[in-house]
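Undergrad: Residues per chain, in single letters:
2 protein chains.
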Amino acid sequence: MKILLIGAGTVGQGLLEILRDKAADLREKYHFQPVIVGIATRSRGTLHHPQGLDPAALLTALAQGDFTAYPETSGLERTHDVLTLIRTCGAEVMVEATHTNLDTAQPALDYCHAALDAGQHIVLANKGPIALAYHELREKAGQMGKQVRFEGTVMAGTPSLMLAMEALAGCTIHEARGILNGTTNYILTQMAQGMDYAQALAQAQALGYAEADPTADVGGWDAAGKVLILAAALYNQKMRLSDLSVTGITDITAADVAAAQAAGECYKLIAKITPTGGSVAPQRLPMTDPLAIVSGATNAITFNTDLMGDITLVGAGAGRLQTGFALLADLLAIQRQDRKP
Amino acid sequence: MKILLIGAGTVGQGLLEILRDKAADLREKYHFQPVIVGIATRSRGTLHHPQGLDPAALLTALAQGDFTAYPETSGLERTHDVLTLIRTCGAEVMVEATHTNLDTAQPALDYCHAALDAGQHIVLANKGPIALAYHELREKAGQMGKQVRFEGTVMAGTPSLMLAMEALAGCTIHEARGILNGTTNYILTQMAQGMDYAQALAQAQALGYAEADPTADVGGWDAAGKVLILAAALYNQKMRLSDLSVTGITDITAADVAAAQAAGECYKLIAKITPTGGSVAPQRLPMTDPLAIVSGATNAITFNTDLMGDITLVGAGAGRLQTGFALLADLLAIQRQDRKP
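Sequence lines, in order, name chains A and B. Quick note, the first sequence lines up with residues 7 to 347 if you use my numbering. Quick note, the second sequence lines up with residues 7 to 347 if you use my numbering.
In short, the hints are calculated from the structure, not lab data. Just so you know, not all the hints are guaranteed correct.
Partner residues are not named here, just some residues of chain B that face chain A (Cβ under 7 angstroms, in silico) [said to hold, decoys possible]: (1) 225; (2) 319; (3) 320; (4) 322; (5) 327; (6) 331.
Derived DSBU-like pairs (lysine-lysine); straight-line CA-CA distance at most 35 angstroms [stated by the list, open to error]: (7) A:28 x A:8; (8) B:244 x A:244; (9) B:35 x A:244; (10) B:8 x A:146; (11) A:35 x B:35; (12) A:35 x B:8; (13) A:146 x A:35; (14) B:146 x A:146; (15) A:146 x A:8; (16) B:146 x A:244; (17) A:8 x B:28; (18) B:146 x A:35; (19) B:244 x A:28.
Using C-beta positions, here's what the derived DEER-type ranges look like [stated by the list, open to error]: (20) B:178 x A:81: 33 to 43 angstroms; (21) A:214 x B:123: 50 to 60 angstroms; (22) B:221 x A:260: 48 to 58 angstroms.
Just so you know, even glycine gets a beta-carbon here, dropped at the ideal spot from N, CA and C.
This is chain A alone, in the form it adopts within the complex (with noise of 0.2 angstroms):
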């Protein structure tokens, strides 16, 4: 499977450790055998070889800075323009695994179509565009005969989606709720245990699970982000941040989160999403609640169906290997899918 990939941060190189590591094991296992044909980043290079980019010389290169220290061979090109790269590298799937921009969905989204139109799969880490244009997207992946895969856009790796729209299909969804942003989740796992909002917060930063402006986080945005997605992915509606209710976590007190304890119960920061809209807010659940004892950075979601009643997922929602394994699922399911048994 020949795969361009845009991006080499925190995921790329998740996605690139993992194609190191167990190349013999994806191979034995899954007659997986990806080429990288070429990767694209915005201030590190790029490299395009049709024969392939070995993943420990790209990271490599890239602890050192950039691709400079990529070692030169017969056929590497260095010099394209990533939508150039898109449109001339001959890849059967594009990976795009660049910086979400919620707003705009760019510059993924020109790489997507660009992908589409050159006739690949596509496969994304980057919420933007699934967000902002997953109809676009999948009405023209429809016409090619190819795949828009984002497992990693909502819970990293732990597979939510396919769990949703594949292992679930024939059930209908009445309605998905989660914990679905670990940096809240710590943060209110810290004031649990006795911390305040600020404590939480500063500690959050420190172990680089929040950034230094927590915005995104903590006034629930980035589960917004989410709530989108699933929205699009599961009741195929096109939502925009500005049809959500969104209330972060900015004013919830260590007295509240007392009071809760007291009654028994625990504050999370639940997504929500039904046929009919979307949510992020505060709420109180009882200590019964699947969703109350998930701690830490830890994400969940449970869907209520009509046929099997309630299903709850529980695993990572980020990391730089696990959202790197979400790219490698679902370059395995569209190998699946390609493939007849």
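Dock chain B against chain A, hints included.
TA: What follows is chain B alone, placed relative to chain A:
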């Protein structure tokens, strides 16, 4: 998709109900158009119609006792024995939903071989053939280019096997541990609320969760059968019940349960499988374990993996529609893999 259904007990009727009630939905959303070309039961007769049998009329006839009341139509045959029906009915998929026999897997195992020989995919809710003979069935299916699917054998339609074998493909699963028997979990949950074992068992029997002879459940043997299936599915291990360490819940007293609660823990019957062996035994879990809050007849499983850490799935583990849905999920998965995107 032409389907032959073997067995019309609770599970088979669950599938028929779903096909009756969701026909339009399945056709519109998944382009799934099932045609039941044959149905076979041990004591209620056998029907074959190359143009398809009507699920609603089958359920009506079964509600009256047997297929005598199924309307006579041109082309309908009522006299085949099961093996002849398998060989001549022209089905693309055989669905095996007769009772589990963990000693011999018969007669279901013969039906599976006959169906594969006739070029049919096979879908099972019956644990016997998978627990005892998965390897030979998978090998034969592979030679024929056919699939063997068995989602309903573990946790009913809660997609534990699709999660492990497809969504988590690419991860190494170090261990699976779960609550795989709803009856014993119901009894332990009642005991945690103050009943003694005999009272809780009697209530489980009154509600239809436990059989008059509850040995298969309370002795751990039903869960052990599922451990054999997971050993085959996850690790390609051919184990027998005698290879497993199996302890049921019959020796757990109200005093044991109270002592666990006093220590902030709870008893669960935990089925465990690793690449080197399997077991079923009651264990005391801290309340922070995702399995600890799984109450009543609900099931759950945690996969410990290399790339994703722990992934936990919680959902129904039994029931007419829930196991019927497992069969539908397998049929839809066969359709997905047989069709190009």
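Undergrad: If a hint holds in the structure, say so; if it doesn't, say that too.
TA: Structure-based check of all given hints:
At its closest, the beta carbon of residue 225 (chain B) sits 27 angstroms from a beta carbon of chain A; the interface hint therefore is violated under the 7 angstroms criterion. Hint status for residue 319 (chain B): holds, given a least beta-carbon distance of 6 angstroms to chain A, under 7 angstroms. Checking residue 320 (chain B) against chain A by beta carbon gives a least distance of about 4 angstroms; that is within 7 angstroms, so the hint holds. Interface restraint check: residue 322 (chain B) against chain A, minimum CB-CB distance 6 angstroms, threshold 7 angstroms, status holds.
At a threshold of 7 angstroms, the smallest CB-CB gap from residue 327 (chain B) to chain A is about 5 angstroms, leaving the interface hint in force. Of the supplied interface hints, the one on residue 331 (chain B) holds, with its beta-carbon coming within about 4 angstroms of a beta-carbon of chain A, less than 7 angstroms. Of the supplied pair hints, the one linking residue 28 (chain A) and residue 8 (chain A) holds, its CA atoms being roughly 17 angstroms apart against a limit of 35 angstroms. Distance check on the hinted pair: residue 244 (chain B) and residue 244 (chain A) sit about 49 angstroms apart at the alpha-carbon level, beyond 35 angstroms; violated.
With a CA separation close to 18 angstroms, the supplied pair residue 35 (chain B) and residue 244 (chain A) stays within the 35 angstroms bound. With a C-alpha separation of about 32 angstroms, the suggested pairing of residue 8 (chain B) with residue 146 (chain A) holds against the 35 angstroms cut-off. For the suggested pair residue 35 (chain A) and residue 35 (chain B), the alpha carbons sit about 32 angstroms apart, so the restraint of at most 35 angstroms is met. Our distance criterion of 35 angstroms between C-alpha atoms is met by residue 35 (chain A) and residue 8 (chain B), whose separation comes to about 31 angstroms.
Between residue 146 (chain A) and residue 35 (chain A), the direct Cα distance comes to roughly 32 angstroms. Compliance with the 35 angstroms bound is thereby established for this hinted pair. Using a Cα cut-off of 35 angstroms, the hinted pair residue 146 (chain B) and residue 146 (chain A) is violated, with the two alpha carbons roughly 39 angstroms apart. A distance of roughly 21 angstroms separates the Cα atoms of residue 146 (chain A) and residue 8 (chain A); the hinted pair therefore holds under the 35 angstroms criterion. Distance check on the hinted pair: residue 146 (chain B) and residue 244 (chain A) sit about 46 angstroms apart at the alpha-carbon level, beyond 35 angstroms; violated.
At roughly 40 angstroms between alpha-carbon atoms, residue 8 (chain A) and residue 28 (chain B) are farther apart than 35 angstroms, so this suggested pair is violated. As the CA atoms of residue 146 (chain B) and residue 35 (chain A) are separated by approximately 18 angstroms, the hinted pair is consistent with the 35 angstroms bound. Between the alpha carbons of residue 244 (chain B) and residue 28 (chain A) the distance comes to roughly 25 angstroms, so the proposed pair stays at or under 35 angstroms and holds. Between residue 178 (chain B) and residue 81 (chain A) the beta carbons are some 34 angstroms apart, a value that agrees with the proposed interval 33 to 43 angstroms.
Checked against the given bound of 50 to 60 angstroms, the beta carbons of residue 214 (chain A) and residue 123 (chain B), roughly 58 angstroms apart, stay inside it. Checking the proposed 48 to 58 angstroms range against residue 221 (chain B) and residue 260 (chain A) shows it holds: the Cβ atoms sit about 52 angstroms from each other.
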